Amino acid sequence: MPEAQPPKPRVVVADDDNDIRRLVHLTVANAGCDVTSAPDGESALAAVREVMPDLVILDVLMPRMDGWEVAKELKRDPKTAGIPIMFLTSKGQEHDVLEGFEAGGADYVVKPFSPRELQARVRSVLAKR
Amino acid sequence: MNPSLVSLEQLLVGLEISLVVLLTCMFAMRTLRVRRAEIAARARAWMVDKMLPLFDGDAEQRCEGRKVYIDDVLVVELPPPKGILGDAVREVFADHLIFIAGELRERLVKILEEAGYISAAMRGLKSRNVESRIKTCMLLGAMHSRLAVPALIEVFGDDPDAFVRIGAAEALGAIGSDVAVAPLLAALRNPTRWQQVRVAEVLSRMGMTAVPALTIAVEDKDIRIAALALDILADIGWMSDFGPAERALKHESPEVRARAAEALGRGGATDRIASLFAASTDAAWFVRVRVMKALHALGAPLDDALSTRFFQVLDAGLHDDVWWVRRHAAEALADSGELGRTILGRAMLEPVGSIARRAAVSALQRLVLLSASRLARAPVPNRA
Chain X
6 MPEAQPPKPR
16 VVVADDDNDI
26 RRLVHLTVAN
36 AGCDVTSAPD
46 GESALAAVRE
56 VMPDLVILDV
66 LMPRMDGWEV
76 AKELKRDPKT
86 AGIPIMFLTS
96 KGQEHDVLEG
106 FEAGGADYVV
116 KPFSPRELQA
126 RVRSVLAKR
Chain C
4 MNPSLVSLEQ
14 LLVGLEISLV
24 VLLTCMFAMR
34 TLRVRRAEIA
44 ARARAWMVDK
54 MLPLFDGDAE
64 QRCEGRKVYI
74 DDVLVVELPP
84 PKGILGDAVR
94 EVFADHLIFI
104 AGELRERLVK
114 ILEEAGYISA
124 AMRGLKSRNV
134 ESRIKTCMLL
144 GAMHSRLAVP
154 ALIEVFGDDP
164 DAFVRIGAAE
174 ALGAIGSDVA
184 VAPLLAALRN
194 PTRWQQVRVA
204 EVLSRMGMTA
214 VPALTIAVED
224 KDIRIAALAL
234 DILADIGWMS
244 DFGPAERALK
254 HESPEVRARA
264 AEALGRGGAT
274 DRIASLFAAS
284 TDAAWFVRVR
294 VMKALHALGA
304 PLDDALSTRF
314 FQVLDAGLHD
324 DVWWVRRHAA
334 EALADSGELG
344 RTILGRAMLE
354 PVGSIARRAA
364 VSALQRLVLL
374 SASRLARAPV
384 PNRA
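The listed protein sequences derive, respectively, from chains X and C.
For the first sequence, the residue numbers in this note's numbering are 6 to 134.
For the second sequence, the residue numbers in this note's numbering are 4 to 387.
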């Protein structure tokens, strides 16, 4: 009898830029994950509550609800508080990075990013779960 | 028949015909523009679809002219660089190259080079039209190809238009080639202030690539160049060799000394902190201000003797005659842990008119406000 494949880790990716969202989706899928994409903060929250992923990758500058607010909402809810969050953003000043970690982020990747580096970081964060 | 009436009638008919022809042409041009935009949008969407396999980090990619192969399978044949389709390719690549770094970026740039897009774009540098030359510089910067560097350096040095030269500088900064650093540095000697500032911004954005040459420029005989080089190093926040900046703390010009202190602080020169202690009694108040800021940035050393001296220097700064020096010394103490706050607390016990007391009170007030703000933003634990 063939051995059952372990389920793939689930990841939610949120970015309002179509090109970036598509690239991140592909990169994380190539890392062996099941990916759900969202074009803004509110959709990202809804997707996380539905999918209950192993990792959330958030852009910071998004319309309607930015990445910081999404992260804080997720941390407030005991059902989603334990899901690691990775910020992927062009905001790379020191105080932005610190704010990302204060909002509960597990990692912070600044654009321009190397897809290989992103894959390595995703694997690293998932391995800690 | 009255000849003038005949000619008036002819004139009116002529005007009517001209108006109709003009409106028809305008409508045709608008239709053409809309159509062209639709074709460009479709070309872009097609190109994005075709490019997706190129983002697979592990696949073997190969280029033969405009043909791109992945694992020996032809994935896409790029259209020629000219025309709507060529524009779409350039746009898609430029849009993606903005947020991609590392090996994937190198591969995408190589595809553009092999397919002839870079050399085709470079022809625009010879256009007679200034705006075209500026746009070409921006495009070459967005495409990040080192093939364009020699041509851009030439334009930066020789173009008669200042905006084209600045465009070339910005493109060189975006590409980040170390070959471009020397001509950019030389341009800091430009007497036109706004061009000097723009070139300094480009060097600052180049970051670590520009650091070695900037470090040498710190010891330039021209005070303006030395000061600018230190400013840029402070912006970059990193130095390969702290020696020149440390020596600049003793420069004859207080402007250079002040900038040297700032560069050492922002560059993280913790092993040169003793030189900063010595500079804390500089005759020029703005040098002392920058020294306090530098010590704040570096933080208290781990070595006991240096740590003691660190707090002595800040305590002395808290009692300086100049308000700005006191203020920065107080801020440094507020962020230097228990011992720093103890020194501030002691200063608060000084007589009411004491200048150190006022500085200490401000710093502690700011600390309390910051802590309250952080507490307010922290997630509220769920007590359910």
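A portion of the hints provided could be inaccurate.
Cut-off 25 angstroms, straight-line C-alpha distance, at most; resulting in silico cross-link-like pairs (BS3-like, lysine-lysine) [said to hold, decoys possible]:
hint, chain 1, residue 1, chain 2, residue 2
1, C, K70, C, K85
2, C, K85, C, K53
3, C, K253, C, K224
4, X, K116, C, K113
5, X, K116, C, K53
6, X, K133, X, K84
Computed spacing ranges between beta-carbons, pair by pair [to be verified]:
hint, chain 1, residue 1, chain 2, residue 2, range
7, C, G160, X, K13, 38 to 46 angstroms
8, C, D307, X, L103, 25 to 33 angstroms
9, C, R227, X, K13, 54 to 62 angstroms
Hints were generated in silico from the structure; no laboratory data involved.
If you're wondering where the values come from, they're calculated on a predicted model, not measured in any experiment.
Note that the Cβ used here is the ideal one computed from N, Cα and C, for glycine as well.
Hint by hint, here is what the structure shows:
no.: 1; hint: K70(C) / K85(C); in the structure: holds, 16 angstroms
no.: 2; hint: K85(C) / K53(C); in the structure: holds, 19 angstroms
no.: 3; hint: K253(C) / K224(C); in the structure: holds, 14 angstroms
no.: 4; hint: K116(X) / K113(C); in the structure: holds, 21 angstroms
no.: 5; hint: K116(X) / K53(C); in the structure: holds, 23 angstroms
no.: 6; hint: K133(X) / K84(X); in the structure: holds, 19 angstroms
no.: 7; hint: G160(C) / K13(X): 38 to 46 angstroms; in the structure: violated, 55 angstroms
no.: 8; hint: D307(C) / L103(X): 25 to 33 angstroms; in the structure: holds, 29 angstroms
no.: 9; hint: R227(C) / K13(X): 54 to 62 angstroms; in the structure: holds, 59 angstroms
The structure fails hint 7 only (numbered hints given earlier).
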